[in-house]
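Chains as they are written, first to last, in our numbering: chain A, 1412 to 1914; chain B, 1412 to 1914.
Please keep in mind that the hints were generated in silico from the structure rather than gathered at the bench. Values in this document were obtained by computation on a predicted structure and should not be read as measured data. There could be a bad hint or two in this list.
The list cannot tell twin chains apart, which means a pair is met if one copy fits it or any two copies do.
[Stated by the list, open to error] With a straight-line cut-off of 20 angstroms between C-alpha atoms, the simulated SDA-like cross-links for lysine to any residue are:
1. K1554 to V1449
2. K1481 to H1738
3. K1714 to G1835
4. K1481 to L1468
5. K1457 to R1491
6. K1457 to M1486
7. K1905 to F1858
8. K1481 to R1491
9. K1457 to G1830
10. K1714 to R1550
2 protein chains.
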Amino acid sequence: MARSPRREPAPLIQQRPEWRNLRHPFAPQSLFSEDRIVALHDMALKLLEDLGLKVLLDEARDVYSAGGAKVVDEMVFIGRDLVEAAIASAPARIPLGALSADRDLVLDNGALIFGAGAGCPNATDLVAGRRPGDLSTFRAALKLQQSFDVIHTLSPSAEPQDVPVQMRHYEMMRGQIELCDKFPFIYGRGRGQVTECFEMLQLALGISNDEFLEAPRCGTVINTNSPRQIDRPMAQAVIDFARAGQLCIITPFCLAGAMAPVTVAGALVLQHAEALGALVLSQLSRPGAPCAIGGFGSNVDMKSGAPAFGTPEHVQMSIGTGQLARHVGLPWRGAAGAASNTTDMQAAGETHMSIWGNLMANAGMVKHAAGWLEGGLTFGFEKFINDIEGLQTIAALCTPPDISDDAMGWGALEQVDPGGHFFGADQTIERFETAFYQPFVADLNNFGSWSDAGATPSDARATGIWQQVLTEFTAPDGAAERAARIDQWIADHKQAGGMNILE
Amino acid sequence: MARSPRREPAPLIQQRPEWRNLRHPFAPQSLFSEDRIVALHDMALKLLEDLGLKVLLDEARDVYSAGGAKVVDEMVFIGRDLVEAAIASAPARIPLGALSADRDLVLDNGALIFGAGAGCPNATDLVAGRRPGDLSTFRAALKLQQSFDVIHTLSPSAEPQDVPVQMRHYEMMRGQIELCDKFPFIYGRGRGQVTECFEMLQLALGISNDEFLEAPRCGTVINTNSPRQIDRPMAQAVIDFARAGQLCIITPFCLAGAMAPVTVAGALVLQHAEALGALVLSQLSRPGAPCAIGGFGSNVDMKSGAPAFGTPEHVQMSIGTGQLARHVGLPWRGAAGAASNTTDMQAAGETHMSIWGNLMANAGMVKHAAGWLEGGLTFGFEKFINDIEGLQTIAALCTPPDISDDAMGWGALEQVDPGGHFFGADQTIERFETAFYQPFVADLNNFGSWSDAGATPSDARATGIWQQVLTEFTAPDGAAERAARIDQWIADHKQAGGMNILE
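For reference, chain A alone in the conformation it holds in the complex (with noise of 0.2 angstroms):
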């Protein structure tokens, strides 16, 4: 019997540049019949017109006035006409520049990029415990983020709240450029910040302002204050953001029973009129700007309120949300997410049901696709361990297996007796090496070696591969002299007193 051949350990961290760039593997599905569709998109552009949104930025207002809405008081009414207007100048597909060209993305129907958890306030992980996100781990996420290829943007996961907030976008920028190549993220916390993001972006690249202005080098999430509210910073990121033709992600945060009517098609009506109010902005401020709409849409659990996700009504939440953003020809952001408040079975079936939601729906971007807990107000570091592990996977079943004459091997058919194996077929030796996805997380190992080794469950061998990730973490070529550009600028500007927010 030939010996049957033995793989090395998986590396932590798999080079795979295909998983760069992925596009859905499955066909976008239905929930809703193409009538209904429109019917849900009428009744959208009826509430717009009808009920109207409170926008609180005088700017904002003066934009839609100029632009033909009805202005009264700080409610806005907007027409059809408009509507239409933004949604045949938004572009269909955006380009997005990275850092570094070989991680640049497209952004369109059919897309798949995922993102890290975003925007929690809290960090998590079995060795510190869970504490506030502060700059160490807001860098050390960042580092996490960059080491694997099945994430495409940058997110600012846990908040640097260590860092006062005139100063905290310098750090978060620092990080990014010094650290990644990825696309990076800048919150739209107020026309100073934005304005001194761009500039440190600009300087970093090495770019002029018109260079800038050409195509997307950041983006940015702005949620609407569902239902029917835009406040004032995230109204005056509409506009800054399509001024300078950066990407805006317009998010209701629509959560059927709580911010949204407790149907999904009522929820739905409600996302997509916010997120369609809100793309007019960003179109009268500048046409063609690159914005994408989409959702976080989900149900809240109406025993406490609180936010629930993975259910059914997610799934369909982001189904829905996909046939609208096709049926006007828009990219769109989905979100994954997790309620659970640890690393748990429950953890890792939301986060699953809800990719898998994503994927049934073919959301162009997928938000929060890594290490979210308790709905977004933890970033966990084993959570963001294992979620990368199913990220991998999809990511693998984006290319299909090879079907060839040779793939389906008759010579090995042929070479092994019935009640035979293949461990030591021609076909095997030859292909072993590459044959199938080598998990990282994942210990295949039986019961006994596995308890011999110490029964630790994944949760546990996760705080063992980030560590190791970050202990073995470079910064990308060219970071350095990024970084180098803006250091000096970030220092000036601290010894001025930095930006305070909103300003």
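Given chain A, work out where chain B should sit, using these hints.
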């Protein structure tokens, strides 16, 4: 501000008649072009014709030979005309008569039938730990299977190894009849035991042998000894179940890289060939016999040779199997699975990924959908409960949400001011009781409440759930009467010494 409505805690067991017969909510996906599926099918036919199957049972070789296959020693070479005739005579739609009529099922392409983890030599829970399966565990697992509407067919989750093998089939049949009313399972462990099981079932149901022969009232699974071998009890079961008109699910055990070629394409060829080869035996035994094909295809870990589940290759095997089954127009079974040794995120991730693979593939019957650990070596009670949450989520997705004008809810949208909330909206009050799937394992409390209540993870929460389900369990209507009809028969047969396997 209106008070938000509060919902009572979800009942552990949700009675949802609409979950008893599910249809796939998503369209079947394809990995391979139709011409390559034809090529796979053709190579499978060539394999049966040129390489043949080793069939260890004399009687089975006689059936093949009488039907026109070439038999040389233990090898059987099956011409494509025989395969095509078998495909033509096998039913595309198989009604499955349960112990109670309101649990009846139909297996066809489009059906979505879930079964719990089956065939595990061990069981584990957080109270008693991991131990060899015994009768008490076998019966407890049946109670759990009976309690949840998303489990449609019965499985021998844990093997009752404390019962002597010649008596074991009595206890396994008695447990199903006494505790359950769903579609029962019988092991193919020789003609003697199978015939006795058929007899017990007829007695319990109060039907004649002629009535029994009309349509399936029970089913079995036969595994080929891949590659290309059918052992004696398995071949016997194919013949006996066919002649009795009972469901035989032919399941090659083709793990790519071990019992099958290292490629998905090659493993699919072998699996398809073995399934069709056994199908021929079934159809030669009785044309039109209810027989499902399918597989259990995944890959092995090339480091350890251990089975892996929830991998990209597992999903690909599922989708390819579905394409081949639809190509020949036959219903089929797939399998979920988890390799993890414990109730961790790996376990949940593997099961979710493989369940979704089966959804993408539109498997008519998904075996091992709840409770599997260690690649099937252990049935886990807490794993079962957590998996049920996932299956119920999928079951809820099988009913599309209400998209009527009323559900879209213009009234609610009008009623709530910008920045307000929908907790008190009339539509919410009217619908909140049934608006959302109610999780029964997931804890949606915030971190503080969850911590104050003991910081219990989802596996430990599941302990309380399965304990309560078992404590509150009552057998379904009619079960006591059915059991009473076989008690004396079993006592007499035990008295007579039972029935050895392989007789």
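Outcome of the hint check:
{"no.": "1", "hint": "K1554 to V1449", "result": "neither (44 angstroms within a copy, 47 angstroms between copies)"}
{"no.": "2", "hint": "K1481 to H1738", "result": "neither (26 angstroms within a copy, 58 angstroms between copies)"}
{"no.": "3", "hint": "K1714 to G1835", "result": "between (57 angstroms within a copy, 14 angstroms between copies)"}
{"no.": "4", "hint": "K1481 to L1468", "result": "within (15 angstroms within a copy, 84 angstroms between copies)"}
{"no.": "5", "hint": "K1457 to R1491", "result": "within (8 angstroms within a copy, 62 angstroms between copies)"}
{"no.": "6", "hint": "K1457 to M1486", "result": "within (15 angstroms within a copy, 73 angstroms between copies)"}
{"no.": "7", "hint": "K1905 to F1858", "result": "neither (56 angstroms within a copy, 36 angstroms between copies)"}
{"no.": "8", "hint": "K1481 to R1491", "result": "within (12 angstroms within a copy, 74 angstroms between copies)"}
{"no.": "9", "hint": "K1457 to G1830", "result": "between (68 angstroms within a copy, 19 angstroms between copies)"}
{"no.": "10", "hint": "K1714 to R1550", "result": "neither (37 angstroms within a copy, 34 angstroms between copies)"}
Comparing the model with each numbered hint stated earlier shows that hints 1, 2, 7 and 10 do not hold.
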